[in-house]
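Could you put together the complete structure from these sequences and hints?
In order, the protein sequences belong to chains A and B.
In short: position in the first sequence from 1, add 52, done, that's the working numbering.
In short: position in the second sequence from 1, add 65, done, that's the working numbering.
The hints are simulated quantities; they were obtained by calculation from the structure and are not laboratory data.
In this text the structure is predicted, and so the values were computed from the model without any measurement.
Heads up, a few of these hints could be off.
[Unchecked claim] Some residues of chain B that are not near chain A, with every Cβ distance over 12 Å (derived):
#1 Leu91
#2 Asn107
#3 Leu192
#4 Ile194
#5 Pro195
#6 Met203
#7 Ile246
#8 Ile254
#9 Glu320
[Unchecked claim] Okay, the calculated beta carbon distance ranges per label pair:
#10 A:Gly202 / B:Val90: 49 to 57 Å
#11 B:Tyr165 / A:Gly207: 47 to 55 Å
#12 B:Pro316 / A:Asp98: 34 to 42 Å
#13 A:Lys349 / B:Leu238: 55 to 63 Å
#14 B:Phe259 / A:Lys349: 42 to 50 Å
#15 A:Asp242 / B:Tyr165: 54 to 62 Å
#16 B:Ser362 / A:Lys349: 52 to 60 Å
#17 A:Asn99 / B:Tyr165: 42 to 50 Å
#18 B:Pro166 / A:Leu371: 47 to 55 Å
#19 A:Gly303 / B:Ala260: 53 to 61 Å
[Claimed, not checked] Residues from chain B that face chain A, not an exhaustive set, calculated with beta carbons under 10 Å:
#20 Gly216
#21 Leu308
#22 Gln312
#23 Pro316
#24 Pro317
#25 Ile334
#26 Leu335
#27 Gln372
Cβ atoms here follow ideal geometry from the backbone N, Cα and C, with glycine treated the same way.
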Amino acid sequence: MTVLAAAPPERRVARWLTRHETLLAAVLIVALAILGAYNDRFLTLDNLLNQGRLMAEVGLIAMPMTFVIITGGIDLSVGSVVGLCAIALGYSWKNLGVPLPGAIVIALALGALAGFVNGLFITRVKVPPLIMTIASLALYRGFAEGVSQGRSVRGYPEWFYFMGQGDWFGAPTQLWLLGVAIVIAGVALDRTTFGRSLYAIGSNETAARFSGLPVDRIKLAVYTLSGLMAGISAWVLVSRVTTTRSDMGIGYELDVIAAVVLGGTSIFGGSGTIWGTVIGLVMIQLLKDGLALTGVKGDATIIVIGTVLIASTLLASSLQKRREFGG
Amino acid sequence: MSAVAIGSSVASRASWLRRLSSQEVLLALAIVILAIVVGAINPRFLLARNLSDIFLGNAYVAVAAIGMSMVIISGNIDISVGALIGVLATISGTMAVAGYPIALSWFVPIVVGVAVMALQGAVVAYLRIPAIVVTLGMLSILKGGLISVTGGRWISDLPDSFHLSNIELFGILPMPVLIMIGATILAAIWMRNFAPGRAIYATGGNSEAARLCGISPRATIVMVFALHGFFTGIAAILFATELRVIQSTVPPNLELTIITAAVVGGVSILGGVGTVVGSTFAAILIAEIASALVFVSISPYWIRAVQGGLILLTVVADILRRRRRVAGDSR
Chain A
53 MTVLAAAPPE
63 RRVARWLTRH
73 ETLLAAVLIV
83 ALAILGAYND
93 RFLTLDNLLN
103 QGRLMAEVGL
113 IAMPMTFVII
123 TGGIDLSVGS
133 VVGLCAIALG
143 YSWKNLGVPL
153 PGAIVIALAL
163 GALAGFVNGL
173 FITRVKVPPL
183 IMTIASLALY
193 RGFAEGVSQG
203 RSVRGYPEWF
213 YFMGQGDWFG
223 APTQLWLLGV
233 AIVIAGVALD
243 RTTFGRSLYA
253 IGSNETAARF
263 SGLPVDRIKL
273 AVYTLSGLMA
283 GISAWVLVSR
293 VTTTRSDMGI
303 GYELDVIAAV
313 VLGGTSIFGG
323 SGTIWGTVIG
333 LVMIQLLKDG
343 LALTGVKGDA
353 TIIVIGTVLI
363 ASTLLASSLQ
373 KRREFGG
Chain B
66 MSAVAIGSSV
76 ASRASWLRRL
86 SSQEVLLALA
96 IVILAIVVGA
106 INPRFLLARN
116 LSDIFLGNAY
126 VAVAAIGMSM
136 VIISGNIDIS
146 VGALIGVLAT
156 ISGTMAVAGY
166 PIALSWFVPI
176 VVGVAVMALQ
186 GAVVAYLRIP
196 AIVVTLGMLS
206 ILKGGLISVT
216 GGRWISDLPD
226 SFHLSNIELF
236 GILPMPVLIM
246 IGATILAAIW
256 MRNFAPGRAI
266 YATGGNSEAA
276 RLCGISPRAT
286 IVMVFALHGF
296 FTGIAAILFA
306 TELRVIQSTV
316 PPNLELTIIT
326 AAVVGGVSIL
336 GGVGTVVGST
346 FAAILIAEIA
356 SALVFVSISP
366 YWIRAVQGGL
376 ILLTVVADIL
386 RRRRRVAGDS
396 R
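Next up, the structure:
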């Protein structure tokens, strides 16, 4: 990233053209054209906006996940946090009698708390992020199942569905939310000390520590953010599907991590952009949609996402063979 | 770090007390104490029928946890194991129903298991992709593949001779339990006393040091994954032959249960430490807890929270223990 600024202008163009994000955008345009040519329902505004609606839940989590992966960590618990927050929302409203706006706040706070707990164990006890979030994947899903006892909550008031099903200025409400999240995340990552610190931590944590960066506090913030966004995602999801179940969000970690890694964020940490993640997100959503329109069933699309995840990591690592074995 | 770890696991002057506080002994005690406590609350828990259900129904978890332990000790992770068990069980059942010799329908899944896992190991070791990415991708490929191919149908009408649990040694020890015990003992001896087994610890403890000692960390990782595939294959057969039908979905988050067994069994998530005896005990303990919840009238919906709590507890204890040991050494 920093090399870019130092290079002479003509080199800059060449580098920009061979950057992961640029290549990905080119692939995306080609894929759009092909899918559009095959199916005339695909490239319609209605379909694209609808896909945007479906993309929001994963997209919201993908923003902080980009941060997490840039710091060299990972958060596998996001899907379970979605389930936990969905249950918290439905349960506190229906069973505890909390007014719905209050229930939403509780769900978001619980999401942030869930992420905070992850961050606390990762930074204070030094539990590796992978293991911590595998443990909390089980723990949070277990709380969701235990509290709800497998029962679902439905019958929300009409206004609640605005977030998940409504439109605002011609576009799905949650797409605006996602747009705001993308802008904030992009600016934060690129233009703030906080954002730049993430790269420093991911490239060399020890060096970052010695440079006086508050590494632990930044990591704690990043994991808390991840939980909070999973909470917001749960809110959007519950509002869209009009019901609350404890199995909500299962497998989200796959979609989110696939989008981030496909978008060029190195799984080893230290590099990545929000811009890339957005393209990764769009590609995965359009891939799903395109496959569905050409008659491929939902279950088969996860095969494609798995393949895309492995293939894009392979591609990225062969493009930058620099990391030590086992890293 | 690894010198400390290996040193402590081999140390001959391990005191009586230390041996008593080892993970394996603690787990064995936990299994017995839990049985006594739950038995006191509800005597039906101790009926032979229930105890045998616990063992028969979970032998496959213990066997899969053996391979998982090796993978984690080598410093990697595998989250595709649950999906692979589902695929292999379906292959096995389909072959048995289609009239292939029973022995063949037991053998082919093991071969496929070894092949799939060795492939993943090779990608991890030689293409340097983290195991979490490779196995997460493989998880979705296998899961999606299984549902698309089977369309969610169950396999029934399995031939009688297909069911391993019908075979009993001395009339009391059913085959799955025998396989669980045998596999655990053989794997434990092999890992403790044979060079390739020791190489797993060396690779997980310090890959660079292992390389300098003449061990190939890459070959070791491929070997570990291949072995893990072997145990996964056996686990899949135990799973397939356990019930009268084979569903095209395995218990959700099966990989989590298997990882929990390995981690709670004392396998350090930092690599380099752990035994398969511990993981088998842990698998039994987890199954016992799940069964006990029902007998003391706690909703089984809490089982996954218990699992997550157990992982967290063991991991934190492991890290604190190591930290204290390192502090003690530097004094």
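- Query: Which earlier hints turn out false for this structure, listed by number in ascending order?
  - Reply: Violated hints: 3, 4, 5, 6, 9, 10, 13, 16, 19, 21, 22 and 23; rest satisfied.
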